[in-house]
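Protein chains in written order, with our numbering: chain S, 1 to 317; chain B, 318 to 678.
With a cut-off of at most 16 Å between alpha-carbon atoms, the simulated EDC-like pairs for lysine to aspartate or glutamate come out as follows: (1) K364(B) / D631(B); (2) K424(B) / D277(S); (3) K430(B) / E278(S); (4) K424(B) / E65(S).
Stretches of chain S that chain B covers, calculated by requiring three or more beta carbons in the stretch to come under 8 Å of a beta carbon on chain B: (5) 57-66; (6) 234-248.
Listed below are several chain S residues computed to face chain B (Cβ distance under 10 Å; list not exhaustive): (7) Q253; (8) A260; (9) D277; (10) K281.
No wet-lab data here; the hints were simulated from the structure. Note that beta-carbon positions come from the ideal geometry of N, C-alpha and C, so glycine has one too.
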Amino acid sequence: MADKLDLSGKPSAADRTFHGLAIGAAAFVLIVLAMIAIEMSGRMGPVLDKMGFDYFTSTRWSPAEGLFGALPFVWGTIYTAIIALVLAVPVSLFVALFVTQVATPTWRKPIVYVLDLLAVVPSVVYGLWGVLVLAQPLQKVFLRIHEAVDGIPGLQSIFGASPQGRSFMTAGVILAIMITPIITSLAREVIETTPQSDKEAAFALGATRWEMIRASVLPHSKGGLVGAVMLGLGRAMGETIAAALVIGASIGQITINAFAPGNSMPAVIANEWGEADELHKSAMVALALMLFAITIAVNLVSSAIVQRSLRRSRGAL
Amino acid sequence: MKIWTASILSIGLLASCGKKKEEGGGGGSAGAGTGSASGAGPAPSGKATINGSGSTFQKAFQEVAIEGFTKAHGDVTINYSGGGSGKGRQDFADMVTDYGCTDGLYKDEEKAKLKGGEFVYVPILLGAITVSYNVPGVDKLQLSAETIAKIFQRDIKKWNDPAIAKDNPGAKLPATDIVVAHRSDGSGTTQQFTLYLEKAAGAAWKLKSGSTVEWPADTQAGNGNSGVAQIVKSTAGAIGYVDLPDAKASGVKYASIKNAAGKYVEPTAQSAQAAGEGLEVKDDLTFVSVNAPGDATYPITAPTWCMAYTKPADKAKGAAVKAYFQFMITDGQKLIPEIDFAPLSKTLQDKAIAQVAKIQG
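This is chain S alone, in the form it adopts within the complex (with noise of 0.2 Å):
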C-alpha cells in the first residue's frame, strides 16, 4: 500500500485477475445452462421419435404400453400453481401492507422475521408434514365444502364429489404456505419504494389509511407486484418433493375437480425415475425440459416487470 500511485492507466496485475475471474464466474453460469439444455435436449429424441406430437396432446401416460402424453402433467403443473396463487396473493399482499403501512416496528421485526424463517424450511419437510399431518384433516374439511356447495354450477365441479387428501388442492395449500414468504418479502420491498410525499399528499387530501393505500401505494407498486407474484409462480411450478408427496399420483388424470389426485411435471419425474426404462426415462427428461423452459420464462418476463417498475419508482423521486 505504500507504494506510490500509479496513474499510468494501465490495470493491475489484480485488476486483470478480478476482471477474468469475474467473467469467468458469469460465463460459466451460462455455460452450465446451456450444457443442461443441450445435452437434455439430445436425451428426449427417443420419445418425441415414438410419440411425435402426440407426446404434447395426449392424455395417456401409459409406461407399460409406451405412450407417453404429458398433458395431464401440464395441467396438474398450472392448477396447483393457480390454486397456490389464490391462497397466497391475497394473504402475501395484506401482510406485506400491514407490515410496511400500519405495523409499529416493534411487531414488524417479529413478523418478518418469522416469515423469512419459513422461507427456508425445506421442502421435504413441507411434503411430509402435508402427508402426515394435514392430509387426513383436510379431506374432512374438503368434504364439507363439497357439501356446502353442492349444487351450484361452476362451485360443485371445482370443489368436486369424493374429495381426497392427497388432491390438487392439497398441493395447492402446501404451495400456497411455501411461496407467501416469497411474495411477501418481494411485494414489502416494492411497496417501501412509495414515495413518502406521495402518501402525505394522500392524507393531507384527508384520505384515510385504506383510501391513502388504494390512492398512492398501489398504484405505485403494481408493477412491482405483479413481478413479485409471478416469481411466486415460478417457485410453485417448479416445486418438486412437496409436491410429490401431497398430490397424489393420479396417473393421466386432466380434471377441474381441485380435490381429486393429480400430478405435476415434477412430481411425476420424482416418483417415476427410479424404476423406468429408456423410453420412460426419454418421456421424463423431456417433462423437465418443458419445466425448465416454462420457468425460465416466468422467471424472465417477471424480473423484467420488477427492474422496470423500480426504474419508474426511483425516477419519480
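Following the hints, put chain B in place on chain S, whose structure we already have.
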C-alpha cells in the same frame, strides 16, 4: 438496492433448484466416468471395498447379509445403497457399482449397453406381496385374482359385492365403500403385483403390467410400501398391495389369495418358498414366480436377483464379490426367514451356486 439483491437472489435460487433436477436426470452418465476411473487402481489382494445398489425389496436382506459376511471376512467392506431396481440396473450397466440387485430384468437391447460385458443373474430370495385391507369387523378375507382385478380397477366399489361374497362363503361383509391404495412411485412391487393379475385374472385385468400403470382416478397413492400400508391402516374400507415385512411391521391385516391350484393360501415365508419349488427356470436363472403351481404356494410371490460381471476388471474386487455372492446363496439363506422373506428352494440354490462359480474372482 435492496430489491435488486432480493430479486436476483430469488431468481438465482429458482435457477439452482431447476439445475439440481436436471443434474439428477443426467446423473447416470455423469457418474459413470468417475466410477470406472476409481475402479482402475489395483487393490491389495484380500482387502477390498465393494459397492452395490438397486432393489429396495431386498435391502433388508442385504443389510443382514453384509453384516453376516463381513463378520467372517473383516478385510472386505460392502456398501449397499438401495435406490430402486432401475437404479441398480443402470449403475451396474455403467460400472458405477461392483454388483447390482434388481427385481426386474434387462431388456435384450439394454444388455448390449452393459459396459462390463458378460454378467450373471443370481436369484437371491422370494418375497410375498400381500393384499392388505382394513375392513372393520372382517378378520379373515379370501380373494381370487378376478376379484382383486375388479377391486383395483374399481369395477366393484362395496365390500359386500357379490364377487367378494363368493370368495368368502358365510362371511359377514359390511356395505363399506372400497378405497383402493397403490404406489405413487414407480415400483417393482407394482410390476410384480400387476404381472400376477395379468397372468392369473386373464382378460378381467385390463391395466397391463408395469412399474407404473394407469390406475383409475378415484384411487389413492402412497409413497413406498410403508406409504401404502399407512393409507390402508388409517382408512376404513381400504385395500392395497404391500410386501409382507412392511405389512407385518405396520400391523395391517392381509387376505388369503386363491392360488393356481384353487386353494386359498395365506402369505408367509413358507408359502412364498413353496412358490420356488415348481418354477420354470431359464438357463440364465431368470423366471417368473407369480401364479406359480403347487397346493401350498402363495401366488403373489416376487423374485429378486443380484448381478455380477463374469470377468471383473479388478481381481481383488471380483474375488470379494464372488465370495459375497457365495455367502448370500448358502449361509446367508439362513438369515432370510427372520426378515419374513423366503429362501431359495434346493434346486434353485444348486443352480445359483453353479452360476456364481462362473464369476472369475
